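Number of protein chains: 2
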Amino acid sequence: MNTVSSVPVPPMKFNLWGTVDEAKPLGDSTRSMLGTLMGVREDPSATAAKDVPVTAVTLSPVRLGEDDLQAFARIVGEAHVSVDDDQRAPRARGKSSLDLLEWRAGAAHVVSAPDAVLAPGTDAEVLAVLEFCSAEGIAVVPFGGGTSVVGGLTPADTDGERTFRAVVSLDLARFDELTDVDSESGLATLGAGLTGPAAELLLADHGLQIGHYPQSFPYATIGGYAVTRSSGQNSAGYGRFDDMVRELTLVTPAGVMTVGHASPASAAGPDLRELVMGSEGAFGVVTRVRLRVHPVPQVKRYEAFTFPDFATGVAALRAVKQTGTGPTVIRLSDEIESSINLSSGDKAGESTAPPGCMCITMYEGTEAHAASRHTETRELLLSLGATSVGEEPARHWEQGRFNAPVLRDSLLDSGALCETLETCTDWSNVPRLKKAVGEALADTLNSSGTMALIMCHVSHVYAEGCSLYFTVVAAQKGDPVAQWRRAKTAVTRALTENGGTVTHHHAVGADHRPFMAAEIGELGLEVLRAVKNRLDPAGVMNPGTLIGAGA
Amino acid sequence: MNTVSSVPVPPMKFNLWGTVDEAKPLGDSTRSMLGTLMGVREDPSATAAKDVPVTAVTLSPVRLGEDDLQAFARIVGEAHVSVDDDQRAPRARGKSSLDLLEWRAGAAHVVSAPDAVLAPGTDAEVLAVLEFCSAEGIAVVPFGGGTSVVGGLTPADTDGERTFRAVVSLDLARFDELTDVDSESGLATLGAGLTGPAAELLLADHGLQIGHYPQSFPYATIGGYAVTRSSGQNSAGYGRFDDMVRELTLVTPAGVMTVGHASPASAAGPDLRELVMGSEGAFGVVTRVRLRVHPVPQVKRYEAFTFPDFATGVAALRAVKQTGTGPTVIRLSDEIESSINLSSGDKAGESTAPPGCMCITMYEGTEAHAASRHTETRELLLSLGATSVGEEPARHWEQGRFNAPVLRDSLLDSGALCETLETCTDWSNVPRLKKAVGEALADTLNSSGTMALIMCHVSHVYAEGCSLYFTVVAAQKGDPVAQWRRAKTAVTRALTENGGTVTHHHAVGADHRPFMAAEIGELGLEVLRAVKNRLDPAGVMNPGTLIGAGA
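The listed protein sequences derive, respectively, from chains A and B.
Each step along the first sequence adds one to the number in our numbering, with nothing skipped, and position 284 is 284.
Each step along the second sequence adds one to the number in our numbering, with nothing skipped, and position 368 is 368.
Source of the hints: derived by calculation from the structure; they are not laboratory data.
Quick caveat, the model's predicted, so the values are computed rather than measured.
Any given hint could turn out to be false.
As the list makes no split between identical chains, a pair holds if one copy fits it or if it spans any two.
Unchecked claim - Dumping the calculated SDA-like pairs for lysine to any residue here, alpha-carbon to alpha-carbon at most 25 Å:
#1 K300 x Q322
#2 K477 x A517
#3 K300 x A319
#4 K300 x L380
#5 K477 x T55
#6 K435 x A71
#7 K24 x A452
#8 K50 x A371
#9 K435 x D182
#10 K477 x A128
#11 K300 x R378
#12 K300 x A198
#13 K50 x L201
#14 K300 x G324
#15 K435 x S183
#16 K435 x V181
#17 K300 x P431
#18 K300 x A368
#19 K300 x E379
#20 K477 x G390
#21 K477 x G255
#22 K50 x T420
Chain A on its own, in the form it takes in the complex:
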């Protein structure tokens, strides 16, 4: 088979978050803080991950024969099939710290990679690929932006008693169109392969925006947002991604479904959208999403505040949400995160922020509407213990809001362990859950004699509760993969035992799958398996993630 392929290589380097150009060395003050306070020891002889080429890692050999590849070529076209390592490597893993650490394990470690990359261009081609793979026992991992941080892309060739003779990565990049724009109703249909920026660029021509800004925004795709229940930083104003979805096209081995009623709301039975959202490729491939969209806002207003302590800040955020004063963004960092402000990159540790807990607010809309929302919100916050610190910290946050993950690569290079995890709970349970998570992290990461830095913020508020997002930095000790797995297991157990969800917006993947029974119950799992068995009887769709084949 000809290896000339027009499959686009994903923009993120296989072993980094982001591109080589984005990679940022740590500033001296950060390195000094890591060494002094946390006992992180740099290995000056180590090669930075940004300088490691694909040729320096070892991928599992391709197990597909020429017959298979020709069959795929007949379906999607020869130009849209690739078995190159340059294509397989960036689709072999997501971007969790465990993923990034695996690439650092050296050339002797074989990284399991998809045997081929396919880039179909139509629903019919996707369906034909799924039918072929179902008949042939080949697993299929749908691929959007590759930003999973929960092992949602790891190719699995077994699932319970099932085995697969190969795994293909099905790239959605060619589903890149904006269609059926209805400005009056505020609706637009977007191809699942469009990244956040690409989608916003197409909508901007119509004076519209989605308003969905997860930290993965530069790379993650519309389809990925939907199947993982992504939540963006403007969720207070525009809702979670699952709130925005009006209709989805799901191509399954059993056929093509369009889910979502003809109308904004319906009482015609269960809502199948909510079965497809969060399905993480286990039922089929989302190729197209119809979304609620909004006019590009006329104005943006900003104001930051500080609270004397986290509890006072949380109570104020609760009042804002329950009263309904309507900011577009509202977030609150705890004392440690407020003082560190990692998001400012090489200024970590040099924060000039006032003491206390930093709260960022932002307001979008027409001039009058944004002003009214801003006034109502600030009056309420001030009455509940906030001190205004002006608009600059809020603007600064907005400018740097996609940067934090890039810093993680440099921290890993420097011998630190760095990861994030997130949950959500009721307002009344916030203190208990935050304490339980903090203790689980400290117990597992401090035990080897180092002190972990544990930061927390609230970035998503609901009438009855809020998210809690934790960032952890610690010195690597021994095998960092084992070290993190221990911490993650302890934390996830703490979540399920203390009224938290195992994930607020990172999804399940392979990493949270062992906790799904605790999350939704055995009968709940059985219901999802019944759905999977109907849509994917051969079990080829993203095996190993979400639910697994079960008994």
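Got chain A; can you put chain B on it based on the hints?
For chain B alone, kept in the frame of chain A given last:
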């Protein structure tokens, strides 16, 4: 078996909406209008439905043997089993006009009724009933308030190739507790059998309310709201009922499930709540619902407006919703409904409302919040063509807002046909859909030489569209059941062909079931059947509604 039973008799008379005391004769002006304008001919010899006793109708004979009844008595207690006609009749049908007309068919017509009424008191008792019925081939119809207007309660002894030797009505009345109130988070757990008023009364002790006011509010129950995706008149402020549900307990023949994450939001897979909501008893019995609740509002503000025409009014409602000015209630009647104002009962046709389309608004919350919402909304409405007509029409609407269904019985008594139907669509599609529905109704109901009165209002607004609620009054001609079935079929076809959902908040039941394939697709139906087969392998749960057994 002893027939002394403590099962409470449902408050609504079996053949009426509401109680005998609520029944209201038509005023002279209404009768004159019906006769003059619409050709309705009264039969002065007919007995009003409110005066017809259960002994004057014929129920299907009880097919359960003494062994069965003793088995049920062992599970739920003898006092909670009944085979009395006084108990079977009010649970034999819902309250659609077709249901009410069936009771008027005379003693020679046999009305199929449940063979027994059971009132279990615990999840374990419900489970034991479902297990017994599954083993014995006895169908189960869960019963809350009995307000279905879509045939959701009609006992069916066949479903596809399945037959059942009897049908029992499972009354949820004993699930009547308020538990686990969390005022800080705004959450409370309510028994599925609590009616709207009973639930609000319990919550009021905690200074809380649900804020869900469907027209069925006086009689419908928490469980019924959930399984039919009810929507209330305050939906602009508090959302649809499905927006309020945090967790449900579903007892299925395969076991008990609690669906809903531990947290306000989660990315841990598909949302099983959305599979249980809208399931209409076809998967199991909802016994308990954890809901978002709100402080009882400090103030209510009211203002009514008129618009020169419906299109101008719709555009203004759209602007209100898309800008987010935040009224608690906003509704708009078309020209005909505005001039008739049937909700004022015997004043129908005597409206003193100004010409044009009446728009009702209401604002709840703290004093400052309600005032700000009111100001923003009224300024926007006035800028878009509204004229204020003061607060009185809005207060008047609120006082009479549960009365309209009572009037229907008197209209049926007087020889008129009266029914409602509802749909929902995108803003851009409102004119097309309203026209298509109006034409389908006029074509089928005017064809026999009478003129139907077709009224329409918008009562639920969403970012991308709104509901359309139609009330139809026509003269009965020939067999009124066949007459209405023709009209309903034509309308429902018009809905599916013109971008509407077959039901915005009345649910599917038996009446809309033939249209479910058009609504969600064949593969969508198959997914729901896979879920049903897993949870209800014997197919005993409310057969004939929602999806049916399928191929």
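| request: Against the structure, test the hints numbered earlier, and report the numbers of the ones violated in rising order. | output: Numbers 2, 5, 6, 8, 10, 13, 17, 20 and 21 - these are the hints that the structure violates, sorted from lowest upward.
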